[in-house]
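J.: Residue-level listing of the chains:
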Amino acid sequence: MKIIELNRVSKSYGSNTAKVLSDISMEINRGERIVILGPSGCGKTTILRLIAGFIAPDSGSISIGGHLAAAGKRIFLPPEKRNIGMVFQDLALWPHLTVRGNIEFPLKSGGVPKKKRSEKIEEILELVGMKGLGGRKPGELSGGQRQRVALARALAPEPAVLLMDEPLSGLDVELNTRIRKEILRLHEKLGFTLLYVTHDREEAFSIATRIVVISKGGINRDKNPGLPETETGQQERN
Amino acid sequence: MRKRIFLTSVVILLMIAGLLPVLFMLAKSVTADGCLTLAAYKGVLTSRRQWVLMGHSMALASLVTVLTLVAGVPLGILFGKTDFPFRRLFVFLFVIPLLISPYIIAVSWSDLFGGGFLAGVLGPHFTTVATRLLFGLPGCVLVLFSTFLPIPMVLTMVFLKSVNPRLEEAGRLVSGWRGVLKNITIPLILPGILLSAMLVFLLSFGEFGVPNFLRYNVFPVESFTQFSAFYNFKAATAAAAPLAVLTLVVLAAEFYLLRGRGTEIPSFSDSSIPLPINFGKYRKILFFSVALAVFLLVIMPLAVLLIQSAGFDSYAEAFRKGGDSLLRSLLYAVFGATLLTIFGFFTGYLIRTRALRFWRSVDFVTIFLFALPGTVLGIGLVTLWNRPLTNFIYATPLIIILGYLARYTALTSRISAAYLGQIPGSMEEAARIAGAGWFRRMALIVAPLAKNGLFAGWIAGYVFSLRDTAVTMLVYPAGHDTLPVRIFTLMANGSPRLIAALCIIMVAVTIIPAGILWMVSNPVQEKETI
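Residue numbers (the numbering used here), protein chains in the order written: chain A, 1005 to 1242; chain B, 112 to 641.
Just chain A, with the same shape it has in the complex:
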């Protein structure tokens, strides 16, 4: 069942007429783990920002959960109405709030009652292995702990789709591997749809059930990482 559908989406920035994305189409099914793989500047992050609702497409349409979220400049659903969670490249943890405050904000904004919020926070902290650290500020945490808080914050409101924008870049190999396993464990347990952006092939192959290769603003290949390379070649779109 489709949860996200991009239909001939194009995007350029400012007065720059060169398109960052050109006529991109993509379908993502519920529960899939899609990795968008490509070099820097190819438009990977732009796809995530379009789906999240931080920017609007110049043309084409985006549907989320069967509802039209954006269609050219005419229809635009704001980010908070899209039921999407996101882990940013720099994690974007709010430095003035505690771990608990970071996780609580999305729940509070979503109108979750106080008692239920507290239960949910404890539950999610336990899930990501951060029990007992809710009172700390992001600046008092290690790199791995910050990753877990970012995951917890994104997953707390139970989004249908989790977007991850190169969340493991800059981590050492050991931590990178550990967090990857953590993501897979959480995916298995919670069953969300994952859209993950990276330029690292190894990372992509270890996470994805499907890989979309992007270059120069267009989809180059859409393949199943489990299939041999010869077969994936047949899946090329252009």
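Keep in mind that the hints are not guaranteed to be accurate.
Unchecked claim - Calculated lysine-lysine pairs in the DSBU-like style (CA-CA distance at most 30 Å, straight line):
id, chain 1, residue 1, chain 2, residue 2
1, A, Lys1118, B, Lys293
2, B, Lys293, B, Lys395
3, A, Lys1193, A, Lys1120
4, A, Lys1141, B, Lys293
5, B, Lys139, B, Lys114
6, A, Lys1085, A, Lys1193
7, A, Lys1120, B, Lys293
8, A, Lys1077, B, Lys562
9, A, Lys1112, B, Lys392
10, B, Lys272, A, Lys1141
11, B, Lys562, B, Lys272
12, A, Lys1193, A, Lys1220
13, B, Lys293, A, Lys1119
14, B, Lys392, A, Lys1085
To be clear, the hints were calculated from the coordinates, so they are not data collected in a lab.
Once you have looked at the hints, place chain B on chain A.
T.: Just chain B now, kept in the frame of chain A:
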């Protein structure tokens, strides 16, 4: 080693220009005939009148602070975070009152209510009531509100630029803009808001030109009167000391509460475009409200002065009576701005690179001197340099330049530091590896890369030197008055047409360079529509 010696020398010179006079003044106020005495303070502290004046100052400063924050922070968010039409032009217009001597705005309001402009339209009863309100606390609040409104507005905009857009985007996934602003953006820029509150409070508290003109007795007027009218030096110093102590206490409290975050120079976040807030159907209402505010607070007062001074005769008389003062003003402002740029550059470098252990103290002292009432600094300068041996300073314009250097280095050092923060440290390191000494690196690598900051610093130094009244009024040697001082003295018995013409000349020579800076910094006009 050369770097350390040079930077230490710069700091010592700054301390001699600014801190030493204040310390000297405080020391002198507690001594008489070589003995320690608190007689002068006793006189000040036991006088009921002084406490009433202190109450007036507190009321004025508090009201101005609250009102500027209430209006300035939303305006800063509006101009810094939204796609509001003509926002750059609005920012420039709102900033104008800060660039000119505050009493000029007071003169225009006085002309508006007293000069018959409104009497014909709204009747004499209205103008009588309005004049009564203007000459008192409400009038002082109105004028200082329009003067200091740009401080929270601009600081909000500057601190907004330092907020990582990802932090807001993370909030936008789950909340509307109202929730994001309330829970994420405003708490993140709180140090900037508190810094602006502190600056507005101290500047309003120390302001004496506007209350003096609008006949509202406040504490700084007392020390000025004791000094200039009665030449009671002890009483003037004793009246100035509480202002210095209060400035120090407010600054220290702010510094302690925020652990220095308020006075930190914000680093601008990555270049990705932050999310603009769209106002939808409220856009036009908001636009006309802001346009009305800028008209009432800025355009109308200046227009009143223009109308009041209309005619060749007014300007001919203005140039005849104030031409020499104008030339001196320009000369001192150019000289002061150049020195301020040089000192600000090296102090900014020291603060940004933390090249000396006591960099934080240097930063604190420059801000303290900026926030200190000009009258206090002026009395300090006179106390220190009024002696035969240093007559070459006291009896020449050098003392005015020293006053500018002491009071406004904080501005140029912060501007330089902000621009220096944009230059990767590797630039200087690469020159060092190539064998360039520190002076060579400064001259050939760092200064050229920071040239925009130097330019902006020079303009800021020029504008603030030109508008200075409080320090110059107290220290100028005979025959060396500046235009703001000349206008101030002429206000007692000069014709309104002459005063208005002089004010317009003053505004023109201040605004034109600032306008050029604005145009240079925004070479391409944004295409903006309502």
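J.: Could you run down the list of hints and mark each one as holding or not?
T.: Hint check results:
Taking the CA atoms of A/Lys1118 and B/Lys293, the gap is near 19 Å; set against the 30 Å cutoff, the hint holds. At most 30 Å may separate the alpha-carbon atoms for a hinted pair to count; B/Lys293 and B/Lys395 meet this at roughly 24 Å. Of the supplied pair hints, the one linking A/Lys1193 and A/Lys1120 holds, its CA atoms being roughly 20 Å apart against a limit of 30 Å. Distance hint between A/Lys1141 and B/Lys293 is fulfilled; the C-alpha atoms sit about 19 Å from each other, no more than 30 Å.
Restraint check for B/Lys139 and B/Lys114: the C-alpha separation of about 35 Å exceeds 30 Å, so the hint is violated. About 25 Å separates the Cα atoms of A/Lys1085 and A/Lys1193, which keeps this hinted pair within 30 Å; it holds. Of the pairs offered as hints, the one joining A/Lys1120 and B/Lys293 holds, with about 23 Å between alpha carbons and a cut-off of 30 Å not exceeded. A threshold of 30 Å between alpha carbons decides the hint, and for A/Lys1077 with B/Lys562 the separation of about 41 Å lies outside it, so the pair is violated.
Our distance criterion of 30 Å between C-alpha atoms is met by A/Lys1112 and B/Lys392, whose separation comes to about 27 Å. In summary, the hint linking B/Lys272 to A/Lys1141 is supported, as the alpha carbons are separated by about 23 Å, within the 30 Å threshold. With a CA separation close to 21 Å, the supplied pair B/Lys562 and B/Lys272 stays within the 30 Å bound. Annotation: proposed proximity of A/Lys1193 to A/Lys1220 is violated, straight-line Cα distance about 36 Å (limit 30 Å).
A hinted pair counts as satisfied when its Cα atoms are at most 30 Å apart, and B/Lys293 with A/Lys1119 qualifies at roughly 22 Å. Restraint check for B/Lys392 and A/Lys1085: the C-alpha separation of about 20 Å stays at or below 30 Å, so the hint holds.
The structure shown violates the earlier hints numbered 5, 8, 12.
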